[in-house]
Amino acid sequence: MEAINLDSTPKTPSIKFNQEEGVLEIKGRSIPENSIEFYKPLVDWLEDYAKNPLKKTLVNVQLEYFNTSSSKCILDVFKKLEAIHKSKHDIVINWYYEEDDEDMLEAGEDYESIIRVPFKMIEVVD
Amino acid sequence: MSFNLAEYYSNLSKGDVVLAYKGSITSDLINDILEGVEKRLEDADEDGKLRKKIYNVLVESLQNLFHHIETIHEGIEEPLDPKFGILVVVKDGDLYKVTTGNFINVKRIKFLKEKIDKINSLSKDELKDMYKFILNHQRLSAKGGGGLGLVDIARKSGNKLEYDFYQYNDDYYFFNLTISV
Chain A
1147 MEAINLDSTP
1157 KTPSIKFNQE
1167 EGVLEIKGRS
1177 IPENSIEFYK
1187 PLVDWLEDYA
1197 KNPLKKTLVN
1207 VQLEYFNTSS
1217 SKCILDVFKK
1227 LEAIHKSKHD
1237 IVINWYYEED
1247 DEDMLEAGED
1257 YESIIRVPFK
1267 MIEVVD
Chain B
4 MSFNLAEYYS
14 NLSKGDVVLA
24 YKGSITSDLI
34 NDILEGVEKR
44 LEDADEDGKL
54 RKKIYNVLVE
64 SLQNLFHHIE
74 TIHEGIEEPL
84 DPKFGILVVV
94 KDGDLYKVTT
104 GNFINVKRIK
114 FLKEKIDKIN
124 SLSKDELKDM
134 YKFILNHQRL
144 SAKGGGGLGL
154 VDIARKSGNK
164 LEYDFYQYND
174 DYYFFNLTIS
184 V
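Protein chains in written order, with the numbering used here: chain A, 1147 to 1272; chain B, 4 to 184.
You may find that some hints are simply not true.
Among chain B residues calculated to face chain A with C-beta under 10 Å, some are [what the hints assert, rightly or not]:
(1) Gln66
(2) Phe69
(3) Ile72
(4) Asn162
(5) Lys163
The set of hints was computed from the structure by calculation and includes no laboratory data.
None of these values were measured; they are calculated from a predicted model.
From the three backbone atoms N, C-alpha and C, an ideal C-beta is built for every residue, glycine too.
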């Protein structure tokens, strides 16, 4: 299937999928005014990916900031991953947060409490 | 006496002003403001944690304005730009105060006031629960707002939301929201 590969902009993160390693990476800032429009390609891609996923998919989420509009779209993305996980394919979400950024850690824990997929909280030290 | 915009703005822009803006709230403007404030905070050598909180509060405040302010203001006798809003950031001792201002139709006041009062009545844990509930149960509106902005601002700032509605005429009030970070 077509790989997804979006570069970052000042208001949107990069989104990349590495087929060989089975790694989906979302990285940067996610503060667009219209987050539905931005996340639609990823949600569509995941829907497609879910039909024939790899045995194991690693999802690295490394966001510096995200707005509340993105937070709902990120939940939609995680729900797609949850469906893949339910169909007996391994999914692990690595949630990165910068050293001392308790707000970002807490945001990850909020998702972890809603979504039934294993999360790993990873502190990034400069 | 009815609300005087010029006087309000000049009162707001006193003290150690980091940024003061009045005019159209557009997507490009939001970029410029965020970039400018980020640089100012870096130059001021503020703590990284505080910088992030201020940045987050700014993003949500500006995008709240962007999504909710009224495009046209019928019956307001001021030479207003379309999508008119005000943003002022002032340093007050150890705190940064972020203030937004916009005209609001009288019909929308009740809903907004109840929402803010509700948020202000909640503890930190209750706010977290409210955030998670809205996140998980409410769809994004066509405007792109999710009803989470104010809850998130309250969570990140850790302070109560200060607000006022000043009467302008029979149909319009001016809504002032101040967040201390």
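Hint check:
1. Gln66: At about 6 Å, which falls below the 10 Å cut-off, the nearest Cβ of chain A leaves the hint on Gln66 of chain B intact, so it holds.
2. Phe69: holds, 6 Å
3. Ile72: With a closest approach of 13 Å, the Ile72 of chain B hint is violated.
4. Asn162: violated, 14 Å
5. Lys163: Violated, about 18 Å.
Figure legend: structure checked against the earlier numbered hints; hints not met, in rising order: 3, 4, 5.
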